[in-house]
Amino acid sequence: MQQFPKEMFQPASVDLSEAEKISKPSLSFWKDVSIRFRKNKLAMFGLILLVLLVFMAIFGPHMTKYDYSTNDLMNTNKPPSAEHWFGTDDLGRDIFTRTWYGARISLFIGLAAALIDLFIGVLWGGIAGFRGGKTDDIMMRIADILWAVPYLLLVILLMVVLGQGLGTMILAMTITGWINMARIVRGQVLQLKSQEYVLAAQTLGASTSRIMFKHLIPNAMGPILVTLTLSIPSAIFTEAFLSYLGLGVPQPLASWGTMASEGVQALQYYPWRLFFPATFICLTIFAFNVVGDGLRDALDPRLRK
Amino acid sequence: MKKRLSLLFSLMLVLSVFLAACGGFNKKESAGEKAGGEKKADVPQELRVNINTEPFSLHPGLANDSTSGTVLRQTFEGLTVIKNGKPKLAAAESYDVSDDLTTYTFKLRDAKWTNGDPVTAQDFEYAWKWALDPKNQSQYAYQLYYIKNGQAFNEGKAKAEDVGVKALDEKTLQVTLENPTPYFLELTAFYTYYPVNSKIAQKNPNWYKNAGPDYTSNGPFKMVTWEHNNKIVLEKNETYWDAKNVKLTKISMSMVNDPNTELSMFNNGELDWAGSPTGYLPTDALPQLKQEGKLHVQPIAGTYWLKFNTEKAPFNNVNIRKALTYAIDRKAIVENITKGEQVPAMAAVPPTMFPENKEGYFKDNDVEKAKEYLKKGLEELGLKDVKQLPPITYSFNTNEAHAKIAQAIQDMWKKNLGIEVKLENAEWNVYIDKLHSGDYQVGRMGWLGDFNDPINFLELFRDKKGGNNDTNWENPKYKQLLIDSQKEKDPEKRKQMLKDAETILMDELPVAPIYFYTNTWVQKDNLKGVEVSGLGDVQFKWAYFE
Amino acid sequence: MLRYISRRLLSILLSLFLIITATFFLMRAAPGGPFSGEKKLPPEIEKNLNEYYGLDRPWYNQYFDYLVSIAKWDFGPSFKYKGQTVNDLINDGFPVSFFLGMESLLLAVSLGILLGVIAALNHNKWQDYGAMIFAVLGISVPSFIMASLLQYVLAIKLGLFPVARWESLQHTVLPALALAATPMAFIARLTRSSMLEVLSNDYIRTAKAKGLSKGQITVKHAIRNALLPVVTYLGPLSAAVLTGSFVIEKIFGIPGLGSQFVLSISNRDYTTIMGVTVFYSILLLFSVLLVDIAYGLIDPRIKLAGGKKGE
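Protein chains in written order, with the numbering used here: chain W, 11 to 315; chain P, -3 to 542; chain C, 10 to 320.
I should point out that these hints are in silico values taken from the structure, not numbers from a laboratory. Built from N, CA and C at the ideal position, the CB exists for glycine as well.
Subject to a maximum C-alpha distance of 16 Å in a straight line, what follows is the list of computed EDC-like cross-link-like pairs (lysine to aspartate or glutamate):
id	chain 1	residue 1	chain 2	residue 2
1	P	K131	C	E53
2	P	K327	W	D82
3	C	K49	P	D446
4	C	K49	P	D61
5	W	K51	C	D137
6	P	K411	W	D77
7	C	K48	P	D446
8	P	K410	W	D77
9	P	K153	C	E53
10	C	K56	P	D129
11	C	K56	P	E151
12	P	K108	P	D210
13	P	K430	C	E47
14	C	K49	P	E455
15	P	K131	C	E55
16	P	K410	W	D82
17	C	K48	P	E455
18	P	K411	W	D82
19	P	K103	P	E89
20	P	K108	P	E234
21	C	K49	P	D429
Derived CB-CB ranges, DEER-like:
id	chain 1	residue 1	chain 2	residue 2	range
22	P	E89	W	M84	52 to 62 Å
23	W	M84	C	L163	32 to 42 Å
24	C	H132	W	P228	14 to 24 Å
25	W	M84	P	K461	36 to 46 Å
26	P	G462	W	F69	53 to 63 Å
27	P	Q476	W	P89	50 to 60 Å
28	W	L176	P	Y357	34 to 44 Å
29	C	N70	W	T289	50 to 60 Å
Partner residues aside, some chain P positions facing chain W, computed with beta carbon under 10 Å:
id	residue
30	I333
31	M408
32	A422
The following block holds chain W by itself, in its conformation from the complex:
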């Protein structure tokens, strides 16, 4: 067995500052999120799609010489051509122009409704779930009651009182739309609040609002975001459904919902009248979904590698 003389050994230089050095670059939470989001190809694709849709919603209506509402009864139901890129509808209006004009309205309705839903839903569900007991009972019963009152009755009444219009539409959308969000948030909060770190925070004397906004809501962000990305399409859907019942945005305004519900009647004869609005509804919803998924994954601290 070989002998190693003591001289062969040297004390390693222990540099305390080295030991504390972080090899991974320091990142703020949001920087980290954005890096991870950008790595997600599908989500990026969705984001680009959304940007494109918004771009077209802004500039699309100006790309043609047509106006969204001017009739041309000599040129009704023309298939797509060089003159009319997406064809014309049954009043001879240019579908390309109307599609992008409709995009503005549909996207606006969807976004506005979803944000209002988010705001009310998180507040309502968060408080109900966290406070529990009587408060929870009362708050959730109120939601149940609103949920159970015939929706159409509410909408019709709203339309009569406020007149048919964009504002009424958004109100009609949110009047029961937030309930779903509130239920999801409450469910999450119920589940999370009995976890150790919340107990710990409570023991340390954290205030209710601090626990809510620092601990509970961020940890429930995944389901909240998923619900949010779903509530934009659901608002666009509700708009389409109301249009189908004739309670949509007033004529001659265009929204994807009104265009699709009119187009569906012509499915067998002039399919392009359905195809374009329906395709863009699908694309938009697809985009919101993959972006939502990407965000969820990126925001979730547990998925950090």
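With the hints as your guide, set chains P and C onto chain W.
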């Protein structure tokens, strides 16, 4: 995992308790057709049509909608029936009219109810008085107001005995009228005038609510199945007096309330008839159907018009109303929007009643004249140009077709006259409320005749507060002409009076007529003999498959 | 548990009362009445009708009468269909909607969970993308387009199914599919996202470390915990699906309660609106209660015992 499953099941279980609580589940599935074996050699004489919705009621005295009418017209029979546009004797064998045209005496033919009871004059008397009796809440009782004291009895101001209908014996019915009514024989073909089996009805006041042994009728078909909101099945009535001329053995009426589905079912061979008068065709399908030569079109007695609220500025000015009326291109509307070969209307009474009204009282799309009238109107109102007109709102009830027409007219007024109009739509109930209460400026409305006489259309505007006037327009000369026409015995003179009245109406224009309605439908090629009347009613008695 | 349930039942009763009250006044606030037809009725006839149906009496009389008759489960006669009571309409229409809803619920839940679990277990692999694209298609097509497309392709073009009506099991396939598409996609996405979350938890890692097989982990630990959001969704979903869809019922000509209800609102068929609302509310309120109970059963961390909790 187990818990999850048991959860799902318990959820279903609890829900199925609800189900059990509210009645059986089997009804809808198992009670299907029992028709069974189709005759292979012969063409099966079974007709399948769609009637859109559940009828309001299949009691002739209670029915008040075209769906109920469609069913009742096959199962019941009145004193007369409309064939080739003219009333023909049906349950009556002969009739006499008094010289003053106010008393009709009908002799009934020997006929039987589906349960074998004879059809008697008492059945008619019973049915008419029943419908007029205020305690029975018939919404169409006013169809019987032509009968002496009918209205008074219905309003509780007279007794049942005072009503001018009397069974002199089993087979003789005497009817006394309030006024001479030149079109009374048309009326007796209407369903409110159908008889009811008084023996059954007195025994079982609920006889009309479902199909069954107590649902007796006297028409060419009898109802064998009535699944509410789903379907009605009629079969040939063997006890019918003219049964030998009824070739169809069965009529299935489904209730699908979607025009596209209806047409698809027809194309798929699930229906033998799609479209009017029982259902609707989707407008977008019309050009293609026309091109393929499949589309059947028939003008009917109905007018689509815009009502002006003549008490609201600027419609209190007749020249403004004229300008707006003349500046509409009706031909463009019927050719490009409604597409059902509707007739541009420049008159109030449909050409099915006044054939010369195909031409009308003014020129369609007369922009020059319209501009002149506009100028005149503005001057009278003391305005310098169109921009100073008060804001105008065009109202319509929520419906795709109405919306299209509204947008087209909006566009025409803008292009032709420079008048900007706002569109406003409301759900039907809200809309009709506004219209009837005068809370509108311009609004669309359609009017379909109940019976084949111009008075149907003209009497709407007789009284300012007449329930369906809505325009607040009234004209003493017009009113007098209508009142006089009611007493006129000579049909030619009477017609002239009505024409004169219409001339006044079309000069003052409280309404701007747009088009006359048509019925459009597709049918199996080998289906023959279906009788669609000028009022848009359908009679399947003479129908058969070749 | 018993105390909790009886307390909840009481609150359901209270909710029901509030719903009835709110609906009653909303309904009366809406303009138009049940007798607004194309042709205006003579005023005498209208007056007579209003008297008969009690619409001429002061609102509080009508309101209390409604409450009493609802308590007796008697919803009164329909205004729209003479000779039928609202109870008849519900008894005829609900079983149809229920059957259709059940069929599509089964489709939606089984396919949805399957898709979601597959996607989560193969996170970011082709199975994941495939399942999610399928699911996204399901959510991104509005039901009236989905129904029309299914009808057009499967019934009209391919002739596989009848176009419409409610006659045999074959007739139910297309509407059930159309009805299931959206909830299925929702369930798939919810399952996937909560599965992913659960799979990153410590106890899964522990289970892996203990050497449990992947299948055991998935079934015993992951799915059970991942289903919470799905269960939350299932309550309102089942109530919504089972009560019938206006669009589907209209397009496929199905005599269900969903289309009946929407029509009753536009017809101002007061008694039908009230009756169906009460009926639906009971369904809804109970489904919410069931979900809450289910929560407690699935996740032992949530205590139902109620009252003062949260130590």
